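Engineer: Chains Z and H are the protein sequences, given in the same order.
Using numbering that gives the first Met the number 0, the first residue of the first sequence is number 0, and each one after it goes up by one.
Using numbering that gives the first Met the number 0, the first residue of the second sequence is number 0, and each one after it goes up by one.
Honestly, I wouldn't trust all of these hints.
Claimed, not checked - Not everything, but these chain H residues come out facing chain Z in the computed CB check (under 7 angstroms):
1) Pro5
2) Asp16
3) Pro18
4) Gln72
5) Asp117
6) Ala118
7) Val122
8) Met271
9) Val281
10) His286
11) Lys287
12) His313
13) Pro324
14) Asp338
15) Ala368
Hints are computed from structural coordinates only; laboratory data are not their basis.
These numbers were taken from a predicted model, which means no experiment stands behind them.
Glycine included, each C-beta is placed from N, C-alpha and C at the ideal position.
There are 2 protein chains.
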Amino acid sequence: MLQRPPAEPGMREDEVDTPALILDLDAFEVNLDAMAARLAPTGAKLRAHAKTHKSPVIAGLQRRRGAVGQCVQKVGEAEILAWGGVDDILVSNEVVSPLKLRRLAALNALARVQVCCDAPEAVPLLEEAAAAAGHRLGVLVEIDVGAGRCGVAPGPEAVALAERIAASPHLRFGGLQAYHGGAQHRRRPEERRAAIGGAAEAVRRTLEQLRQRGLDCPIVGGAGTGTFELELETGLWTEIQAGSYVFMDADYGRNEEAPGFRQSLFVLSQVMSAPRGTGRAVLDAGHKALPTDSGLPLVWGRPGLRYVGATDEHGALAVEDAAVPALGEKMRLVPGHCDPTVDRYDWYVGVRGGRVECLWPVAARGAMA
Amino acid sequence: MLQRPPAEPGMREDEVDTPALILDLDAFEVNLDAMAARLAPTGAKLRAHAKTHKSPVIAGLQRRRGAVGQCVQKVGEAEILAWGGVDDILVSNEVVSPLKLRRLAALNALARVQVCCDAPEAVPLLEEAAAAAGHRLGVLVEIDVGAGRCGVAPGPEAVALAERIAASPHLRFGGLQAYHGGAQHRRRPEERRAAIGGAAEAVRRTLEQLRQRGLDCPIVGGAGTGTFELELETGLWTEIQAGSYVFMDADYGRNEEAPGFRQSLFVLSQVMSAPRGTGRAVLDAGHKALPTDSGLPLVWGRPGLRYVGATDEHGALAVEDAAVPALGEKMRLVPGHCDPTVDRYDWYVGVRGGRVECLWPVAARGAMA
Numbered sequence: 000m001l002q003r004p005p006a007e008p009g010m011r012e013d014e015v016d017t018p019a020l021i022l023d024l025d026a027f028e029v030n031l032d033a034m035a036a037r038l039a040p041t042g043a044k045l046r047a048h049a050k051t052h053k054s055p056v057i058a059g060l061q062r063r064r065g066a067v068g069q070c071v072q073k074v075g076e077a078e079i080l081a082w083g084g085v086d087d088i089l090v091s092n093e094v095v096s097p098l099k100l101r102r103l104a105a106l107n108a109l110a111r112v113q114v115c116c117d118a119p120e121a122v123p124l125l126e127e128a129a130a131a132a133g134h135r136l137g138v139l140v141e142i143d144v145g146a147g148r149c150g151v152a153p154g155p156e157a158v159a160l161a162e163r164i165a166a167s168p169h170l171r172f173g174g175l176q177a178y179h180g181g182a183q184h185r186r187r188p189e190e191r192r193a194a195i196g197g198a199a200e201a202v203r204r205t206l207e208q209l210r211q212r213g214l215d216c217p218i219v220g221g222a223g224t225g226t227f228e229l230e231l232e233t234g235l236w237t238e239i240q241a242g243s244y245v246f247m248d249a250d251y252g253r254n255e256e257a258p259g260f261r262q263s264l265f266v267l268s269q270v271m272s273a274p275r276g277t278g279r280a281v282l283d284a285g286h287k288a289l290p291t292d293s294g295l296p297l298v299w300g301r302p303g304l305r306y307v308g309a310t311d312e313h314g315a316l317a318v319e320d321a322a323v324p325a326l327g328e329k330m331r332l333v334p335g336h337c338d339p340t341v342d343r344y345d346w347y348v349g350v351r352g353g354r355v356e357c358l359w360p361v362a363a364r365g366a367m368a
Numbered sequence: 000m001l002q003r004p005p006a007e008p009g010m011r012e013d014e015v016d017t018p019a020l021i022l023d024l025d026a027f028e029v030n031l032d033a034m035a036a037r038l039a040p041t042g043a044k045l046r047a048h049a050k051t052h053k054s055p056v057i058a059g060l061q062r063r064r065g066a067v068g069q070c071v072q073k074v075g076e077a078e079i080l081a082w083g084g085v086d087d088i089l090v091s092n093e094v095v096s097p098l099k100l101r102r103l104a105a106l107n108a109l110a111r112v113q114v115c116c117d118a119p120e121a122v123p124l125l126e127e128a129a130a131a132a133g134h135r136l137g138v139l140v141e142i143d144v145g146a147g148r149c150g151v152a153p154g155p156e157a158v159a160l161a162e163r164i165a166a167s168p169h170l171r172f173g174g175l176q177a178y179h180g181g182a183q184h185r186r187r188p189e190e191r192r193a194a195i196g197g198a199a200e201a202v203r204r205t206l207e208q209l210r211q212r213g214l215d216c217p218i219v220g221g222a223g224t225g226t227f228e229l230e231l232e233t234g235l236w237t238e239i240q241a242g243s244y245v246f247m248d249a250d251y252g253r254n255e256e257a258p259g260f261r262q263s264l265f266v267l268s269q270v271m272s273a274p275r276g277t278g279r280a281v282l283d284a285g286h287k288a289l290p291t292d293s294g295l296p297l298v299w300g301r302p303g304l305r306y307v308g309a310t311d312e313h314g315a316l317a318v319e320d321a322a323v324p325a326l327g328e329k330m331r332l333v334p335g336h337c338d339p340t341v342d343r344y345d346w347y348v349g350v351r352g353g354r355v356e357c358l359w360p361v362a363a364r365g366a367m368a
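Kindly generate the complete structure, drawing on both the sequences and the hints.
Structural biologist: Right under this line is the structure:
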């Protein structure tokens with residue numbers, strides 16, 4: 000079931016039911032504008048990653064500021080965006096299920112949809128789905144630029160796959176997917192620089208070999224919130240796929256020289272227990288409300304309080320040099336990792352000046368398939 | 000949005016769309032029956048924990064086998080169960096929000112609902128909600144039996160709170176909540192025995208003091224899948240709150256002398272990439288599909304394959320002494336932790352003999368408030 004909204008417009012933030020996903024609209028808009036301003040004078044465009052926000056509303060706000068489209072990781076996310084008015088979508092991931100490919104091709108009437116490929120065996124599956132839908136599907140070749148996850152090797156293997164795609168009657172070679180996921184959270188700037196330096200070398204080499212074979216490469220896509228300045232420096236990437244920049248999280252905050260965006264995403268939580276004489280308190284948000292894959296959340300704006308442990312429905316709060324918070328008190332937490340946190344909720348509660356201004360559905364919540 | 004079901008009855012399991020939550024019905028029913036058989040000759044009843052299964056359907060199957068009711072952690076879960084026909088519900092957790100308490104009291108027309116309390120300051124809130132709803136609300140006093148989370152101290156503090164509840168016109172002292180969450184996953188049997196020994200001592204002492212004050216204690220609730228045999232041995236607990244026994248998970252499997260239930264819960268996942276020459280493969284289920292708070296999932300029935308890393312939407316598979324699985328192959332994974340995994344999905348896909356037999360909604364998915 001869809002959960003009821005935890006608030007209504009006009010409420011004070013402290014009246015919002017908990018746990019709730021709070022979007023600080025001032026900080027969020029500063030982030031939207033900052034990315035748009037940063038990209039405007041470059042040759043690169045923003046293709047924001049909707050795996051983070053899962054919202055056609057937010058996609059629309061990014062588009063108004065110049066984004067050319069959205070990335071998604073899942074066909075289910077592509078559907079929600081297309082149904083919500085997004086008309087240019089890249090599945091920045093491989094899809095090899097015929098059922099999913101039929102669903103993806105069926106979105107053609109609503110949006111330009113493209114997908115990634117990293118295996119020659121997948122090409123006939125893509126061709127079949129596109130042929131059945133009666134149109135040409137853009138396919139990007141994903142190259143492994145150092146993350147060691149998906150992707151063919153840069154260079155000849157990538158070129159051979161691009162040629163195979165280009166030779167398929169219902170496919171079009173859409174470009175290169177060159178995202179270094181592993182580099183985004185490397186803590187030291189020089190580690191990130193080295194990783195993206197290696198990625199750039201792989202892209203440059205592959206582009207050169209594509210040119211030699213007469214293949215046009217319309218898109219070089221990649222880069223995330225942690226490294227996009229480095230990709231921009233190279234001039235090689237045409238589309239920046241940052242997602243987290245709109246929200247930020249505790250883990251990005253742990254990067255040295257962290258990205259210069261504001262924290263706009265919070266989970267509002269309530270003190271549900273404060274056992275006497277223990278010097279601790281318990282919040283009503285555990286790891287079901289705040290996934291811990293990238294560490295524990297931080298308490299926002301309450302010096303002396305620290306979130307020290309998560310169980311399914313409880314968060315343990317250590318009280319250090321502060322008064323034990325009262326039963327029923329509410330406080331903002333900074334999620335450890337924004338993407339999986341957003342995916343836990345059905346609603347964004349947009350707040351400005353201490354009041355709820357809007358409710359937006361997390362429309363692609365749970366779209367894992 | 001509610002996600003579409005990933006399957007239809009009659010499909011073969013390998014036709015199910017991925018990632019999907021698979022319930023092996025044979026193993027699941029063995030677990031249901033085994034718990035019922037174990038409790039039948041004892042004085043204790045099962046009040047199964049719906050925080051694990053989030054399903055009125057499964058609650059109904061437990062009831063048919065003798066369960067007296069269900070536990071939940073959240074008011075939202077209580078609502079879904081009551082709306083789905085469950086007529087005896089204990090919120091085995093504290094609720095201190097007036098809004099939530101009004102919602103809880105409003106369920107009175109459908110179900111006997113009780114809730115826990117661990118603070119004198121909360122009693123007026125409970126009284127007010129019950130009075131407004133015009134009925135008497137059963138309230139259990141939670142005592143901290145060693146988990147160090149919620150709960151008043153056993154003994155005099157618990158008795159004073161029970162007296163305060165009993166003296167409130169619209170409240171009824173329902174008993175003691177005595178759950179040792181921290182003991183369930185202690186690896187060595189003697190550690191678990193020591194923990195529950197301490198919990199039993201706390202319960203015994205508090206019961207004795209309640210008796211001295213003339214307070215009847217209708218329920219002593221607690222125990223989980225990892226320790227319930229130990230609580231049963233003491234004869235003190237009247238209600239066993241095990242939840243995970245219906246499914247099991249990788250983390251319970253790591254307990255020495257692990258509980259004797261079968262693995263019935265799986266996530267079906269597909270190989271979406273198998274980069275040539277790397278000896279690894281990538282699955283379409285990362286930590287959004289398989290929360291990692293209690294460790295990584297295990298690959299089921301495929302020796303030589305190991306799930307070694309989760310990112311948001313990808314699972315890295317190491318291939319050790321096995322053939323690299325083919326692109327598109329599907330395989331079952333054992334979740335690291337069943338509770339948060341179930342809460343990621345909208346549907347159970349019930350499978351028997353390789354075929355989909357039923358679809359059940361994870362009706363209280365996301366009910367965090």
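Engineer: Which of the listed hints are broken here?
Structural biologist: 7 and 13
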